[in-house]
Structures are given as C-alpha cells and as structure tokens.
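Could you build all of it, start to finish, from the sequences and the hints given here?
If you're matching them up, the sequences are chains A and B in order.
Heads up: the first sequence begins at 1 in the numbering used here, then just goes up one per residue.
Heads up: the second sequence begins at 1 in the numbering used here, then just goes up one per residue.
FYI, nobody ran anything at the bench for these hints, they're computed from the structure.
What you are looking at is a predicted structure, and each value in this text was computed from that prediction instead of being measured.
Hints should not be assumed to be uniformly reliable.
[Claimed, not checked] Taking CB as the label site, the calculated pair distances span:
1) B:Glu207 / A:Arg148: 52 to 60 Å
2) A:Arg108 / B:Arg415: 25 to 33 Å
3) A:Val164 / B:Asp42: 19 to 27 Å
4) B:Lys465 / A:Asp70: 25 to 33 Å
5) B:Ala399 / A:Arg108: 32 to 40 Å
6) B:Ala43 / A:Asp70: 26 to 34 Å
7) B:Ala23 / A:Arg227: 27 to 35 Å
8) B:Arg16 / A:Gly96: 43 to 51 Å
9) A:Arg159 / B:Arg254: 39 to 47 Å
10) A:Arg159 / B:Asp71: 51 to 59 Å
Just so you know, even glycine gets a beta-carbon here, dropped at the ideal spot from N, CA and C.
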Amino acid sequence: MARRVSLFVPCFVDQLLPEVAVDTVTVLRRIGCEVSFPEDQTCCGQPAFNSGFWDEARPCAERFLRVFKDAETVVCPSGSCTTMVRIFYPELLPSGPQRTEATALGQRTFELSEFLVKVAGATDVGASFPHRVTYHASCHGLRELNLRDEPLQLLRQVRGLKLVEMLRAEECCGFGGTFATKFGSISEAMGISKAESVAVTGAEFITAIDPSCLMHVQGIMGKRGDRAQTIHLASILARQKAQP
Amino acid sequence: MSASGTRDATSRPAQRFLRDAAAKSADLMHREIIVKNMESYDAAHLRGRARFKDWEAARARCQAIKREAVDHLDQYLLQFESKVISRGGHVFWAEDAEQACAYICGVALRNGVKTVVKSKSMVTEEIELSAELEKNGIKAWETDLGEYIVQLRHEPPYHIVTPAMHLNRKQIGDLFREQLEPGLSDDPVELMAAARRKLRQAFFLAEMGISGANFIVADAGAIAISTNEGNGRLCTSVPRIHVAVTGIEKVIPRMADLATLWPVLATSGTGQPITTYSTLIGGPRRPGEADGPEEFHVVLVDNGRSRLLANAEEREVLHCIRCGACLNACPVYRHIGGHTYGTIYPGPIGSVLTPHLRGEEFAHLSSASSLCGACTSVCPVRIDLHHHLLHNRRDFVQAGDAKPGDRWKFRMFRRVMQSPRLYSLGGGMARFGLRVLYALGLAGTALDPLRAWNRRRSPVPLPKKSFRSRWRSESKQGS
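And the structure:
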C-alpha cells in the first residue's frame, strides 16, 4: 500500500530553492509514496523563534498544527525546520492540548533522509550521480535530530558517487539563520573555513540535508570562485542514469 | 525601553564586539595558532574520553551531582562553612565583587602584606581583584604560566583554562626577552625556566597566597584544586596567609563525588586522565604540621549567582565546572577568539552566563551564535547551553529590549506568515523586484535589500517560479 506523505516545504525552499522540493517529491514518489502538498503552509516560525520573538513565532506553530493536523506522515527536506517542529514547538506552545498535539505531530514529522532510512527502510532509492561528493553534517540534523549516519547510508548507495570526507565535517558552516546577517563577519569566516575544507577534498559537490547551510556555503564559495558546487541530498537522490 | 532609547544591540560592548569580531575573524595568523592548538586539544580530548568505560554515563553522573549540589546550595555551603570554622578557618560571604575585594584587601592590609602570589582563578578575574590589590599598594603575581604571560602583556586571559592559547612560542619569546631576560631563545623549556626563576622569588617573598577552588566539598569542609604546574601548592602552602576565592556554585555534596568529577574535569579541560596536582585544603596549619598557612580564609562570591539560582529555567547554568570544553568546541570562539567577547567568561558558557551576571549590555552575546549545539554536545555536566542562548534571546525581547526595527520586522513576519496568499504574493513580488535589481548589477550595493547577505556572498538564487506555483501548475496539468 502506498504510504501517504504530506510535504512540508520550508518557506525559503519554496521561494528560493524550489528544485530541492521538486527533487524531494521525485524521490518520495519513486519509493512509492503518495505525496500531497498542503498549500496553506507558510513558515515554521523559526526565524522569529531563534531571534527571541516567541510571541510572533507561536502563530506559525499554531498554523502548522492546523495545516498538518490530519497528516499521517510529514516529510521535510530540512533538518533545521524539522527540528523546529519536533524539538521547539512543544516548548513554544503552552502546556495542555496544544503541547500534546505538537509533541505528537513532531513524532510524525521527519527530515527526508530520516524518513527514507528509518521509516521507509529505503537506503537505495535507485539514484545515480557519478561525481566526487563531500558531505557536510548540518548542525540541527546532527545534534538535535541525531542524524549522523542516515544521509551517509543513502549516499553510499548512489551509483557512481565517490564520497570523500572533508576535515571537520561536523563543524558548523556559519549559517545560523539571522546570525548570517547580524554577525556577517563571523558567519563569513566560518563559511570560508568550510569552503577551505571542501576545496582540500577536491570534491565537485558538497551536499547536506539542510538547504540553508548549502545556500550560505554556495554564496561563500561563489564569491571565492571555488570550483565546487552545492547540491542538496534530495537532488542527488533524484538523479538517475539518463534513459536511452 | 530605556529613556535613552537604544541600549540593545547598539550598546557599547555590542559595538566593540562587532568591530573586534570582524577584525579577528579576518586575522589569519590568529586562526592558524588557534586551529593548531585546538587540534591538539581535540586529539587529547578524544583520547581522554576513550579512557572512560562509559563517557556518557560519567557525564550523566556529573550532571546529577551538580544538580543535587545546586538545588541544595544553601545547605551544602553551610555544612562546608561550619567544618572550615571548626578547624580555625574563616569564611566570608561576599554578595558582590566589591565586598569580596574589600574583605581580601582588608585581610592583606591588616597583616602588612606587600606581595601576593596567585594561582589560577577565574573568579578573581571576575571581581577584578588584582587591580584592587594594586590600588592598595599590594603587588599581585600571577603564577600560572599562562596567566603570568597574559599579566606581562597586560591582557585578560584569552581562555578560562589555557589563558595564553592565542600566542605562539615566538611571541612569548619576544615578551620574555623584553621583560625578563634578554638572552633567551624561543625554546619552550628555556622560556619556562626563565619564568620559574622569576616566580620562585615571588613565592618566597609573598606573605599571602590567593587561589581559586575547582570544587567546594561540603561533607569534607575542604576546597579542591586541580593544577598542573605546582604553583597552586606553593601559593597555598608557602605564604603565611591563604585566601581561597570561589563562586558559591562550586559546591559539591561529598568527597566521593570527586572520584567522578576530578577525572571528568581533567579530561574535558586538557584531555588528561587527572591533573598533575589534585589538592584538598580544609583549614590553616595545625599544631605539629610541617607546612601550611597560619591563616586560612575562604571567600564565597555570589555576584549575581543567586539571581540565577532563583530562576528555575536557567539554574543549571550554575552547574558549570569551568572546564573550557565548550569554548574549544565552539566554531564562533575558534574564529573570533577569547578576547573579542569582552567578558571574563568567553565562549558559549560566557554567552549564556554574562547577560545574567552583567545585564542586558551583554545581551548581544546570546545572539552571536549559530546555535550549532557543539557546546552542548561536549559539556561534561550536560548543560543545555545552546538552548539557554535561545531562552536569553526570548527574555531579552520580552523585557522590551529588542531593537524597534526588529520588532517591526517580526510583526510584519507574523502578519505575512498568517496569510498564505500574502506570503505567496509578497514572495513573488520580492523575487521579481530583486531579479530586476540584480540584472542592473546592484546586488550587494546600498540599494539591495539583501545587502547584509549579498555583500559577503554571491547573490541568492531567484527562481521565476516558487515551488507552490510549480506544484499548482503540475496538478492542473495532471487533472
């Protein structure tokens, strides 16, 4: 039976990186999921929450609970936005029915690699990507959701993909939401350190489960004129050998 | 908001922080030294943790010990006090830095002290004791090698465990040649010997020794000190008077707790199984004992800590054992260095603690984090550091201290995100406008609304269609 999946697309992915969401749909459908996209979703509220504006973030959480109320399973191509729902909604919302509901929804909301490996049990999604790739462990996925190995398991099954490890793969790239602009010089320096680690590997691509990290690293690498490109895990998994 | 209008992100410490952070993060020599030192720490830390049968269990044990201690702080401190007094020691409860300094200077002046030797203590830095002693005509010598080096440079410690981590041997060689002996080479052994020759004189000249305490052991009525250089033992046993200065949160219930805490502290601090010297001191020299001070004082410093104690949500910040592991793990610390924080306690613990101890002038520190959580993952007493940063940010906004611009921005955000139509329309218009702007080559210029992002990065991508409009047209085609 097809598993019904509701897609949670982070606002900046929707607006700036739509192909990440398109590729997520491709992968989910390929493993037999029936994908829906509730169009009333907007932002999970993390920018406000992380900036201390919890009263402004709370309506976003309430909206999210309403929009995904009946969802069996929610899948999101971002560890950070998944963290917002699973880890922070229960803290943000008042104790009682709302918190209970948020906790329950958090348990049914999954980051993409987490969903594929832990829920669907699909480490081989039939992808082919004959390139040299290095993996950056995005912080929220790694330390809030405890996703250390899941993305790597998926990458190891991709045809033709050569995985090369970068130095300090688990060190933050320096994105950090509003940190990236409020403390631009620090964010930039951290991004440069990450770009340098990528350059040493000689990888053609740096991948991660969080599009926000990649957008930042792409910006830094672009400015430096680096050869490597960023690509979201979903986009690697969506690629297949060209059909004759 | 205060009457003067802007005390938030434009406070003077905040401006200094931004300026110094920009300078330091671009300082490649600084980066090279820190990366090298951190790499050797990382290796030692990893080796050290591997020596534990179950490192996570040790962390959980330490967390439980500190929680028990801090939750019953009053009781354990009183127990400690009565033991010390029963052995002829003195205990002084200092509400703030001023009271602590006044008491210590009073003891010194009463006893005609001219020279003080200090072993490493962050709380004496916090209360700015050396400056206060100096004002009273008393010379204070830092005797920890790293502290001695930064004292010669008239700098605060760069790091709470390794105060001179930002310097290489060449820089230290230059400093020592200029201030100690002109003929020295850059050989670390030779440099250390020169410092030793100088400090030995101070040890035997000093009438008073001042130390910190890593732990206050309640049931034993003793302070526990971990050191590596032997200077701690000299400071606490050679001079006639020993004053131990410590924050009230350093208390632990039982001597037996040291069995876990000592090795965990050493492992987290330097990767050692245990520090070279582990010392317990519970009072002045008793009749028949060969050495030890004639007078023993303990100064218990509050200085804002009981305010934190009263805050149930943030209380666990007082569990900190000052091992420095969170500083070492922090990518922000690695890039901006210890001095940029402008605080005694830098790094993640400093960014959490300082706004509580020193007020909203330091609120920016809680925002100067990418919230990566590396600190929390290494903290040996499992303080949820990066989530406390989030709490600080929330409290700051709730106290009405946020910038008016930010408040307006997030009110708009709230409005837009409550309306999928407005969100969709606004997003489309913004992308269109930005595409035009960038086509004119204006990305990253003063006219670019995303300048703060684009000036440091290649411009953000601006696709013609959002995902939702692609989804919509696809489902129309499908039907």
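Cross-check of the supplied hints:
Range check, Glu207 of chain B to Arg148 of chain A: about 56 Å between beta-carbon atoms, so the 52 to 60 Å window is met. At roughly 29 Å, the beta carbons of Arg108 of chain A and Arg415 of chain B sit within the given window of 25 to 33 Å. At about 21 Å, the CB distance of Val164 of chain A to Asp42 of chain B agrees with the hint of 19 to 27 Å. For Lys465 of chain B paired with Asp70 of chain A, a C-beta distance near 28 Å keeps the hint of 25 to 33 Å intact.
Ala399 of chain B and Arg108 of chain A have their C-beta atoms about 36 Å apart, which keeps the hinted 32 to 40 Å range intact. Under the hint 26 to 34 Å, the C-beta atoms of Ala43 of chain B and Asp70 of chain A, about 51 Å apart, miss the expected range. About 30 Å separates the C-beta atoms of Ala23 of chain B and Arg227 of chain A, a value consistent with the hinted range of 27 to 35 Å. In this structure, Arg16 of chain B and Gly96 of chain A meet the distance hint of 43 to 51 Å, their C-beta atoms being roughly 44 Å apart.
The hint said 39 to 47 Å for the Cβ distance between Arg159 of chain A and Arg254 of chain B, and at roughly 59 Å that hint is violated. Take Arg159 of chain A and Asp71 of chain B: their Cβ atoms lie about 56 Å apart, and the range 51 to 59 Å holds.
Hint compliance for this structure: hints 6, 9 are broken, all remaining hints hold.
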